[in-house]
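Residue numbers (full-length UniProt numbering), protein chains in the order written: chain A, 1 to 280; chain B, 1 to 518.
Quick caveat, the hints were computed from the structure, so don't treat them as lab data. Computed from a prediction, not measured in an experiment: that's the story for all the values here. Hints may contain errors.
Said to hold, decoys possible - Simulated pairs of lysine-lysine, BS3-like, Cα-Cα distance not exceeding 27 Å:
{"no.": "1", "chain 1": "B", "residue 1": "Lys148", "chain 2": "B", "residue 2": "Lys130"}
{"no.": "2", "chain 1": "B", "residue 1": "Lys268", "chain 2": "B", "residue 2": "Lys248"}
{"no.": "3", "chain 1": "B", "residue 1": "Lys61", "chain 2": "A", "residue 2": "Lys161"}
{"no.": "4", "chain 1": "B", "residue 1": "Lys402", "chain 2": "A", "residue 2": "Lys267"}
{"no.": "5", "chain 1": "B", "residue 1": "Lys173", "chain 2": "B", "residue 2": "Lys130"}
{"no.": "6", "chain 1": "B", "residue 1": "Lys268", "chain 2": "B", "residue 2": "Lys223"}
Said to hold, decoys possible - Restraint ranges, calculated between C-beta atoms of paired labels, are given here:
{"no.": "7", "chain 1": "A", "residue 1": "Gly75", "chain 2": "B", "residue 2": "Ile52", "range": "26 to 32 Å"}
{"no.": "8", "chain 1": "B", "residue 1": "Thr176", "chain 2": "A", "residue 2": "Gly75", "range": "42 to 48 Å"}
{"no.": "9", "chain 1": "A", "residue 1": "Asp58", "chain 2": "B", "residue 2": "Val288", "range": "42 to 48 Å"}
{"no.": "10", "chain 1": "A", "residue 1": "Val169", "chain 2": "B", "residue 2": "Ser418", "range": "36 to 42 Å"}
{"no.": "11", "chain 1": "B", "residue 1": "Gln193", "chain 2": "A", "residue 2": "Leu104", "range": "44 to 50 Å"}
{"no.": "12", "chain 1": "B", "residue 1": "Lys255", "chain 2": "A", "residue 2": "Ser38", "range": "50 to 56 Å"}
{"no.": "13", "chain 1": "A", "residue 1": "Ala50", "chain 2": "B", "residue 2": "Asp313", "range": "42 to 48 Å"}
{"no.": "14", "chain 1": "B", "residue 1": "Thr221", "chain 2": "A", "residue 2": "Pro134", "range": "16 to 22 Å"}
{"no.": "15", "chain 1": "B", "residue 1": "Ser13", "chain 2": "A", "residue 2": "Ser223", "range": "41 to 47 Å"}
All C-beta atoms in this analysis are idealised placements derived from N, C-alpha and C, irrespective of residue type, glycine included.
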Amino acid sequence: MKDRLWWRHLIGIAALVFALVPIIFLVSAALNPVGTLSTTSLIPSGASLANFSKLFHDPNSPYVRWYVNTLVICGVSSVLNVLIGVSGAYAFSRLRFRGRRPGLTGILLVQMFPNFLALTALYLLFINIGSVLPAFGLNTSLGLIVVYLGGAMGVNTWLLKGYLDTIPVELDESARIDGATEAQVFFRIILPLARPMLVVVGLFSFVSFLNEIILAGVFLTGSAHKTLAVGLYGLVSGNHNTDYGEFAAGSLLAGIPVVLIYLYLQKYLVKGLTAGAVKG
Amino acid sequence: MTVLPSERLARLSWPRVVFVGLVVLFAVLTIPTLVDKHSWTGVAVTVAGTAILAYVYLTPKRIAARFLVPGTILLLAFQVYPIGYTIDTAFTNYGDGHRLSQSQAVAQIEADSVMENPGAQRYELSVATKTADTSGAFVFFLTDPNGKVERGDAAGLTPVPDSEVTKDQFTGKVITAAGWHILTGIQVNGLGQRLASFAVPTGSGFIKSVGLSEAYVGQFTMKYDAAAHTMTDTRTGTVYKASDGEFKAADGSGKTLPIGWKVSVGFKNFTSVLTNATIRGPFLRVLVWTIAFAVLSVLSTFGLGLLLAVVMDHPRMRGRRLYSSLLLLPYAMPAFISTLVWASMYNKDFGLLNKLFGTHIDWLGSPWSARGSVLLTNLWLGFPYMFLVCAGLLQAVPQELKEVARVDGASPFRVFRSVTMPTVLIGAMPLLIASFGYNFNNFNVIRLLTDGAPYPSGSSTAGDTDILISYTYRLSFGGQGAQYGLASAISFLLFVLVGLISYAGFRQTRQLEEVYAR
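Using the sequences provided together with the hints, build the complete structure.
Right, here's the structure in full:
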């Protein structure tokens, strides 16, 4: 029997090569001292941090600003996204009220509309909002966050409702008998129990906001207001060759934290995925 | 159960009171600005929103609503309203050349047509606004050759006493004016078309800007007859009749004026998708590729993911944790980065693939290799997800069942087909359908990898790798002639399609569960 494992490793190693080539290429491009695409190959021709220092000193691409913008926009959006999503899920899972079923169906229905195609309407809406509340207008992080939150009562609510349904009702009922209010049940009992799922949903929404280029691209046009996705895309969209090292260095610094979090949360991820999450 | 007023007060917890207080404060600070801008819809929305929030959080009955109202308000404002607006647009001709209302279009055509009176005097011009930003209305400050200053707006001219302005000592151009912000040259330049279409009516003609700091008096050469709905070009005598959102020449030459207006066109956008050959051809081609792309993406990612999960699913397999951590990387890497990296790897001149294989292939240049490349990249992006899912589901296959089958003499393949596969499929089905729906609208991978290219000859809006959503996006926001009306109609069709697919998917899942249930 022992000699029959080799083919499994053969397939595994082939898959690893496929999975890792683009990532190794990215690392190699980031370390490439020349910093152009044409001089980058799979094995770095030298190790230099020139691309990184260029990245931090290029006045046309304020990378640190992009990074901070991204952290603020994705961080605030995903935390509020989860909070709004889970309170909706709590109502749908635990409370009985009129319009519960149509509400659930309605939420699902709205999600089926490719909502960024409603971009024109959003754009016009935010010109108006910005003329009254400049802090929420176009080219502001707050405006974009608010738009992202429009989708908070969506897929996440369904996903989290499914999870809350698996938490025994007896737990909150006994708390209610002991005199806990609905808010106490929600904050003190349900939220702690749902924490693994909240973390996974939060991570998925963080990453989906991180990857979002359409709304961010239309809303944030000023160089200092951009997010990483919009900014880095701008670095290579016109010319793939010259600024490639800078793009690779910036991408690596953006990607590494996410990758580490994914690896750290690996075992939660499987649970979250099989509960029906799709990476956005 | 009756609740005493004192008890009611006792039940009001302070976080809720503070929350409502903040909302009311926000509303109180916002409403004056809204009133100032005559935005009555804004006032109504703000008041209604505040009232609903106050009612829900301060009365004891509406417990479910407390959990639902904030999310619902955001959903209505930023998803439902834009969707409604889009569906409404689907029944109009809205788009480039048809953005204005009819009266705005008439005003713009007339203003654009002003020709300078020969030999007439010119004015020194300053453009000014009430507030510091340039998005609102603006006025002209005009200094005539005698140094007299007048203020001109869409209603006409008003004399301005010298005491309210300071003038440039040589040209007489107004530099400051009490209560007004004089715009800088850059700001005036930024007004663009709005400045070009602005004409101040005088008794005998109209005043228009020329350059950034001069204005002249002229006459309309286009005259609108409101009773007959016609526009007459006074220089050539051509009469244009208003119909279907534009002015058409009445002489039968087919000439139209470039500026039209937004009108309702009924179901024309929907029917033209099916009947107009120049739209139907690309639409059907894109639809077929969209379905193929989504199906092939799901099958390939699931196939590879399942294969790897089965390969790793062996008790004596060493390094399983290392394998799965490394195989997770493509999934963990933010997709926008990986997709851009793939795009550069496909590059014909400098790309990694051509370097590794020593070839000189334009991977994204010809239709079939471009489609293959898109699928390959999407496989790379998606297989770790399916691998994780399948690995999890394989753990859930009951070991006893496998044992029993083996004892009964089933081959390993037979065990896999009859015991393992059904269990995995039941668990994976909803995810496969979700994945299909996701890929059906997978805008990012197309946009960042090929942006629809290559384009078949004769079509500049529908590329060979375009899926419906990227095609629709280009119709709305692409460089040439935005067609919001048509794009909105296709968005709506997309909505219906995805809805039907999901519905069929849910039914299928339920049937599968019934078939395999215990």
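Exercise. If you draw a straight line from the CA of B:Lys402 to the CA of A:Lys267, is it 27 Å or shorter?
Worked result: holds (25 Å)
Exercise. So the hint says 50 to 56 Å: do the beta-carbon atoms of B:Lys255 and A:Ser38 match that?
Worked result: The hint (50 to 56 Å, Cβ to Cβ) holds, given that B:Lys255 and A:Ser38 are roughly 52 Å apart.
Exercise. Is 36 to 42 Å a correct range for the gap between the Cβ atoms of A:Val169 and B:Ser418?
Worked result: holds (37 Å)
Problem set entry | Pairwise beta carbon distance, A:Asp58 to B:Val288, judged against the given window 42 to 48 Å | The hint (42 to 48 Å, Cβ to Cβ) holds, given that A:Asp58 and B:Val288 are roughly 44 Å apart.
Problem set entry | A:Pro134 and B:Thr221 - C-beta distance against the hinted 16 to 22 Å | The hint (16 to 22 Å, Cβ to Cβ) is violated, given that B:Thr221 and A:Pro134 are roughly 41 Å apart.
For this session: Kindly confirm whether 41 to 47 Å is satisfied by the beta carbon distance between B:Ser13 and A:Ser223.
Result: holds (45 Å)
For this session: Please work out if B:Lys268 and B:Lys248 have their alpha carbons no farther apart than 27 Å.
Result: holds (19 Å)
Exercise. Keeping to a limit of 27 Å between CA atoms, is the pair of B:Lys173 and B:Lys130 held or broken?
Worked result: It holds: about 18 Å lies between the C-alpha atoms, which stays within 27 Å.
For this session: Measure nothing beyond the straight line between the CA atoms of B:Lys268 and B:Lys223; if it is 27 Å or shorter, mark the hint as holding.
Result: violated (31 Å)
For this session: Could you see if the CB distance from A:Gly75 to B:Ile52 stays within 26 to 32 Å?
Result: holds (29 Å)
Exercise. Is the distance from the Cβ of B:Thr176 to the Cβ of A:Gly75 consistent with 42 to 48 Å?
Worked result: holds (46 Å)
Exercise. Is it true that the CA of B:Lys61 sits at most 27 Å from the CA of A:Lys161?
Worked result: holds (23 Å)
Of the numbered hints stated above, those contradicted by the structure are hints 6 and 14, listed in ascending order.
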